[in-house]
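*Asks:* Okay, here's what each chain looks like letter by letter:
Number of protein chains: 2
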Amino acid sequence: MQRILIASHGHFASGLKSSIEILTGMGEQISTIDAYVDDSDYTTQITAFIAQAETPAVIFTDLKGGSVNQKVMLAAAGKTDLYIISQINLAIILAVLLDPAPLSAAHLDELIAQSQVERIELTASADESDADFLS
Amino acid sequence: MQRILIASHGHFASGLKSSIEILTGMGEQISTIDAYVDDSDYTTQITAFIAQAETPAVIFTDLKGGSVNQKVMLAAAGKTDLYIISQINLAIILAVLLDPAPLSAAHLDELIAQSQVERIELTASADESDADFLS
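So the sequence lines, in the order shown, correspond to chains A and B. With my numbering applied, the first sequence closes on residue 135, and no number is skipped along the way. With my numbering applied, the second sequence closes on residue 135, and no number is skipped along the way.
What the hints contain is simulated information worked out from the structure, not anything from laboratory work. Note that the structure is a prediction, hence the values are computed from the model and not measured. A few of these clues could be false.
Stretch by stretch, here's where chain B covers chain A in the computed footprint (C-beta under 8 Å, at least three residues) [to be verified]:
1. 2 to 16
2. 45 to 51
3. 62 to 71
4. 81 to 89
5. 107 to 114
Take a look, some chain A residues computed to stay more than 12 Å from chain B by CB distance [to be verified]:
6. Glu118
7. Glu121
8. Ser125
A few chain A residues that don't get close to chain B, going by computed Cβ distances all over 12 Å [unchecked claim]:
9. Gln29
10. Asp34
11. Ser40
12. Asp41
13. Glu54
14. Ala76
15. Gly78
16. Asp99
17. Ala101
Where is the CB? At the ideal position from N, CA and C, for every residue including glycine.
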């Protein structure tokens, strides 16, 4: 039984799964929903995951306030041992997948704090560093 | 000419592009690199984007410290008018794509602060709210 579902507009969810498979070989531990790529009703896939998931389980959604997240929130309302994380990136999914600690809200918040979107400053190239030094 | 590149392990990058196309119809404004899905050398795609991009440009990478991000940092070293954002999610790419303000480090940091990964508390279901009220 799965304990991780990624649900997104388009192929973002299955794309993340392919990244995770390349990096960890653990792609098979993740269920995905690529919504709006055809006319099928993906809400049935959400409810099926929630009914069958090993708990505690996590549903990752693409965008807070987006329609996929809204349908997940409706399907998950009132459930226990089920966590919803939105605005997802690869880092938070890897963190949850690889972390051996029991899932809890507080622990997920710690993992989220370590997985945030980040701007990275460019370093000067070797040549430019030399130029700065010599000028 | 493009000003946005998404580079990832696996199909995460093209998956994000498909989400963006569904949500905004602006997928064609985004270049993608799905690295390690075959044996091709994706570093040439990075250098080609940097050489040809409309500036200021942004390269979005999947994972800080990951090999895709490392190759982007090497190719981008010393460049000006080029920003690198890692640990990306759908929200930050949409924010950059849709924001009319000129790109700058400070403005990107504002957009990043509004786009972070977030745990969402589940609401009680309607039935359970009633039960709580009546009990």
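*Asks:* Quick check: the stretch 2 to 16 of chain A, covered by chain B? Criterion 3+ residues, Cβ under 8 Å.
*Replies:* holds (count 9)
*Asks:* Is it the case that A/Glu121 keeps its Cβ farther than 12 Å from each residue Cβ in chain B?
*Replies:* violated, 8 Å
*Asks:* Counting residues of the stretch 107 to 114 of chain A that have a beta-carbon nearer than 8 Å to any beta-carbon of chain B, does the count reach 3?
*Replies:* holds (count 3)
*Asks:* A/Asp34 clear of chain B by more than 12 Å, beta carbon to beta carbon?
*Replies:* Non-interface label fails for A/Asp34: nearest chain B Cβ at 8 Å, not farther than 12 Å.
*Asks:* The output says A/Gly78 does not contact chain B. Does that hold with a beta carbon cutoff of 12 Å?
*Replies:* violated, 3 Å
*Asks:* Is the nearest Cβ of chain B still more than 12 Å from the Cβ of A/Glu54?
*Replies:* holds, 18 Å
*Asks:* Is it the case that A/Ala101 keeps its Cβ farther than 12 Å from each residue Cβ in chain B?
*Replies:* Label holds. Min Cβ-Cβ 15 Å, cutoff 12 Å.
*Asks:* Hey, is A/Gln29 genuinely clear of chain B, shortest beta carbon separation above 12 Å?
*Replies:* holds, 15 Å
*Asks:* Taking a Cβ-Cβ distance under 8 Å as contact, does the stretch 81 to 89 of chain A have three or more residues in contact with chain B?
*Replies:* Holds, because 8 residues of the stretch 81 to 89 of chain A bring their Cβ atoms closer than 8 Å to Cβ atoms of chain B.
*Asks:* Would you assess whether A/Glu118, listed as outside the interface, keeps its beta-carbon beyond 12 Å of every beta-carbon in chain B?
*Replies:* Violated: least Cβ distance 5 Å, not greater than 12 Å.
*Asks:* At least three residues with a C-beta closer than 8 Å to a C-beta of chain B: is that true for the stretch 45 to 51 of chain A?
*Replies:* Result for this restraint: violated, n = 0.
*Asks:* Per the coverage rule (Cβ-Cβ under 8 Å, at least three residues), is the stretch 62 to 71 of chain A covered by chain B?
*Replies:* Holds, because 5 residues of the stretch 62 to 71 of chain A bring their Cβ atoms closer than 8 Å to Cβ atoms of chain B.
Hint check: violations occur at hints 2, 6, 7, 8, 10, 14 and 15; the rest are consistent with the structure.
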